[in-house]
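Asks: Go ahead and model the full structure; you've got the sequences and the hints to work with.
Protein sequence lines correspond, in order, to chains A and B.
The letter at position 101 of the first sequence is residue 748 when you use my numbering, and the numbering goes up by one with no holes.
The letter at position 159 of the second sequence is residue 806 when you use my numbering, and the numbering goes up by one with no holes.
No lab work stands behind these hints: they were computed from the structure.
Among the hints, a few may not be true.
The list treats identical chains as interchangeable, and a pair is accepted whether it falls inside one copy or across any two copies.
[Stated by the list, open to error] Pairs of lysine to aspartate or glutamate residues, derived as DMTMM-like cross-links and limited to a Cα-Cα distance of at most 25 Å, are as follows:
hint, residue 1, residue 2
1, K1134, D1121
2, K1077, D1121
3, K828, D957
4, K1110, D782
5, K823, E687
6, K778, E814
A quick note: this is a predicted structure, and the numbers were derived from the prediction, not measured.
2 protein chains.
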Amino acid sequence: MSNGAQALIRTLVDAGITTCFTNPGTSEMHFVAALDSVPEMRAVLALFEGVATGAADGYARMADKPAATLLHLGCGLGNGLANLHNARKGRVPMLNIVGDHATYHTQFDAQLQSDIETVARNVSPWVRTSKSTQDLCKDAAEAIGVCQGPPGQVATLILPADVSWGEGGVPAAPPKITPPKPADDATVAAIAQALQGGGKKAILLGGRALREPALMAVARIAAKTGAKLFAEVFPTRIERGAGLPPVERIAYLAELASVQLSGLDHLILVDAKPPVSFFAYPGKKSYLVPEGCQLHTLAAFTQDVIGSLDKLAKAVNAGQTKPVLQAPRRPGRPRGKFTADKVCKAIGQLMPDNAILVDEAQTSGIMLPMYTAGAPRHDVITLTGGAIGQGLPNAVGAAIACPDRKVIALAGDGSAMYTIQALWTQAREKLDVINIIFNNRSYAILNVELRRVGASGAGDKAKAQLDLRTPPIDFVQLAQGMGVAAKRATTTDEFLAAFEHALRTPGPHLIEAIVPPA
Amino acid sequence: MSNGAQALIRTLVDAGITTCFTNPGTSEMHFVAALDSVPEMRAVLALFEGVATGAADGYARMADKPAATLLHLGCGLGNGLANLHNARKGRVPMLNIVGDHATYHTQFDAQLQSDIETVARNVSPWVRTSKSTQDLCKDAAEAIGVCQGPPGQVATLILPADVSWGEGGVPAAPPKITPPKPADDATVAAIAQALQGGGKKAILLGGRALREPALMAVARIAAKTGAKLFAEVFPTRIERGAGLPPVERIAYLAELASVQLSGLDHLILVDAKPPVSFFAYPGKKSYLVPEGCQLHTLAAFTQDVIGSLDKLAKAVNAGQTKPVLQAPRRPGRPRGKFTADKVCKAIGQLMPDNAILVDEAQTSGIMLPMYTAGAPRHDVITLTGGAIGQGLPNAVGAAIACPDRKVIALAGDGSAMYTIQALWTQAREKLDVINIIFNNRSYAILNVELRRVGASGAGDKAKAQLDLRTPPIDFVQLAQGMGVAAKRATTTDEFLAAFEHALRTPGPHLIEAIVPPA
Chain A
648 MSNGAQALIR TLVDAGITTC FTNPGTSEMH FVAALDSVPE MRAVLALFEG VATGAADGYA
708 RMADKPAATL LHLGCGLGNG LANLHNARKG RVPMLNIVGD HATYHTQFDA QLQSDIETVA
768 RNVSPWVRTS KSTQDLCKDA AEAIGVCQGP PGQVATLILP ADVSWGEGGV PAAPPKITPP
828 KPADDATVAA IAQALQGGGK KAILLGGRAL REPALMAVAR IAAKTGAKLF AEVFPTRIER
888 GAGLPPVERI AYLAELASVQ LSGLDHLILV DAKPPVSFFA YPGKKSYLVP EGCQLHTLAA
948 FTQDVIGSLD KLAKAVNAGQ TKPVLQAPRR PGRPRGKFTA DKVCKAIGQL MPDNAILVDE
1008 AQTSGIMLPM YTAGAPRHDV ITLTGGAIGQ GLPNAVGAAI ACPDRKVIAL AGDGSAMYTI
1068 QALWTQAREK LDVINIIFNN RSYAILNVEL RRVGASGAGD KAKAQLDLRT PPIDFVQLAQ
1128 GMGVAAKRAT TTDEFLAAFE HALRTPGPHL IEAIVPPA
Chain B
648 MSNGAQALIR TLVDAGITTC FTNPGTSEMH FVAALDSVPE MRAVLALFEG VATGAADGYA
708 RMADKPAATL LHLGCGLGNG LANLHNARKG RVPMLNIVGD HATYHTQFDA QLQSDIETVA
768 RNVSPWVRTS KSTQDLCKDA AEAIGVCQGP PGQVATLILP ADVSWGEGGV PAAPPKITPP
828 KPADDATVAA IAQALQGGGK KAILLGGRAL REPALMAVAR IAAKTGAKLF AEVFPTRIER
888 GAGLPPVERI AYLAELASVQ LSGLDHLILV DAKPPVSFFA YPGKKSYLVP EGCQLHTLAA
948 FTQDVIGSLD KLAKAVNAGQ TKPVLQAPRR PGRPRGKFTA DKVCKAIGQL MPDNAILVDE
1008 AQTSGIMLPM YTAGAPRHDV ITLTGGAIGQ GLPNAVGAAI ACPDRKVIAL AGDGSAMYTI
1068 QALWTQAREK LDVINIIFNN RSYAILNVEL RRVGASGAGD KAKAQLDLRT PPIDFVQLAQ
1128 GMGVAAKRAT TTDEFLAAFE HALRTPGPHL IEAIVPPA
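Replies: Here it is as structure tokens:
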């Protein structure tokens, strides 16, 4: 005989969800108590919900399956919202379990009562408040089916306390997965014709199309047809490095993206949206597809990417074409004046095989893709939804998904402070993460943006809003205060020494790189 | 000629909103640039939105007028949601200004695009996306009118970037305030009759009824009629100490609250809701008003509290009655084994005149009301919505509202970690705040709750979810890392020394009290 919570955890585990990132409160206590009844479920505690949701996001990107979160009512969900937004925009599967008051208690509008569903809808196409212990696991199975996609989605199951503690829970079978369909013949034929015709052609890859099997297929197509390969500006996960096809990312700055895309006659989308400017700027274009360029969608978010690319490869007769692959190539050991650029160069020089780079370095990471292009193969996961505070939590999840790989998380000082509590979970779980904080003591990207939006009249008060010099944040103390070994680097040599030490010493590390704004 | 942002800030200032707690991004850059055009507006930067919203909450509680927040799209609002929830539940006025993409940019579903309004509705009865620069300030004036209440509310004005940067902004006049009405004569007469009749009577005070003028009026009524005075469990702001009428707070534990309320024949509500259990527990009551007790509402949230109490005082002929006032009384200097109780006792012994206590101490603060009852008069502000992470941000706002008063913020270790970034703003603004962190290295309240909910089967995995020992959090390093002077206390004498030092040294301090779980 199980209660709701026990049956729910069993249902999750049976469907392959074996990790839950948690920040529970009283309404989740029966779920917490039930953890011991299902040994296969790992529960990872976070001190803040944004860490839990960001970790679940990073986990799913690397494990290729969802994690669950356990959150405390509407406020806990709210605290997790920014990283849920990043997961939504990255089409990352995730199952939120949000505890709620007992069904009969909501009428009293107690202190923590709020409309959870309305918050959840911001990030979660599937939201349901489970109404009875008997239905709970059926609801959960439906949520799991939805969240796995394609496209991957955030699903939110709201779990009233009495539904959780009620007896009579019955685990549900894992949802049946309907395999997605590839592009139809007519679409493939039309795209093949465009690629084989004249003009300038490019293929824009997003989501699942940036993983090795898709990359190998599309690189053959590109080699055969002369199409250029682009990756979306903020990939959910891109596999790259020596031996894999190189793909150029669309630039964050619309001005540069327009140069990348200029003169295109055909743009083929594979699991990607047409490129648009990240923000709007007075007098500048938002939609970046050049006029006269014909858009084609080979695989939409709901479709089979590999199947579609295989059909296209066949149609353009690229099955035996040799793809262009990245040659091994590392930058030299950096020396001289210490800058963010030198950090990126050092990473390119020293990063080990099969590393996971979590890139939330903002302005400081501009040169990272160049320096790491020919490094040993690795994955990069990025700020898919633009909600900063993703990097350190993503690193938690990535390290739990891939315990045998080194995770290198890069974050700006401003970004790192949103979810700095992630360091504690890294220490608690002894995760193999090297956190590199670019401390330029400013919201450097906003200094760029202040100019780009053409805001005039900015004086001392405005500039103070972008200035993090007073007081200076000491990330070494913050890290040590949460149990993470840390070093400060103010010179290139200090950085190299700290990074080399961290690379050979398992467990979490933080290196504070004191750099000038880029 | 003003742009939208400049006219908006002028409108805010003209309506008395002269403080804005900010965490801006690109879409808010014109608002930021406009700060220099209106010298009366003070902008206070936070590193995390939950700090900004919690500070605005604390500010309004102490300044008796709203502050604004400046937040970055739906994700910034999400990060601020928990403390907006606390403000909502405390009926605290606040104006959120949430930047959004330019109106024409939303169609492209860029990375940061999300449905902001749906998030805002969780906390904000008034939500509007301003559609044009011409209408912006009218919208703002309407929002200000709504948020000021009564009841105080959170209002959310969504500000698209092009509405902000557009030319032709026209400041709007401050909204007209309609004074609230007192209880009608029949209600007053019925309540007077109940109070003058037999049986056991109590008056439950909430919101504005816990401020000095209301307290003095109601204390006369109580003295005249024999009614007992209660305060709601988590007051928004209560004025107390020597010379003010003492009021007993309803207990957090429903078991104890039931004892407090048992046998009541009449319960009179003044700006308060009927008491309910904070959470639901299997087999226990949620609604705490005893059976057979008659409920009366003297002043609802929309009504005039003082006017209603004055009418009632007249009706029961209490105008000249001498109220019971708290005598000056401090506990002795604590000595012996160091516990949370000793910290509370030390505060009672040493707190200066006119202090502001921000109480998020959870289990560690249980004895605080007793030890401070006869201390010099002071204000206490508490966790109105139950969303932890309120204390340190509230202290920021309280200190900015009342620069001449000492703010003492008490937080549990678990609570403090949700919005620990508040320390940086305290240092940046050189605020006179003493942060006392009760570090018992656990979510101690959840250990209590795990037992109270009757969850069985909790083993090592469950218990680990409530355990913050590994790694131990070093709050001294966290504080120093954000520029706040800090000391650790492991004995009562160390605590006394640190507290006395902090009391005589202006600026922010943190004292980490290493205590056993209560």
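Asks: Confirm or reject each hint.
Replies: Structure-based check of each hint:
Taking the closest pair of Cα atoms, K1134 and D1121 come within 25 Å of each other both inside a single copy (10 Å) and across two copies (17 Å). In the homo-oligomer, the alpha carbons of K1077 and D1121 lie at most 25 Å apart both inside one protomer (22 Å) and across protomers (17 Å), since each shortest distance falls under that limit. Proximity of K828 to D957 under the C-alpha cut-off of 25 Å is restricted to the intra-copy arrangement: shortest distance 12 Å within a copy versus 74 Å between copies. In this assembly of identical chains, K1110 and D782 lie within 25 Å of each other by CA distance neither inside one copy nor across copies; the values are 55 Å within and 28 Å between.
For a Cα distance limit of 25 Å, the shortest separation of K823 from E687 inside one copy, 21 Å, qualifies, whereas the shortest one across copies, 62 Å, does not. Proximity of K778 to E814 under the C-alpha cut-off of 25 Å is restricted to the intra-copy arrangement: shortest distance 14 Å within a copy versus 52 Å between copies.
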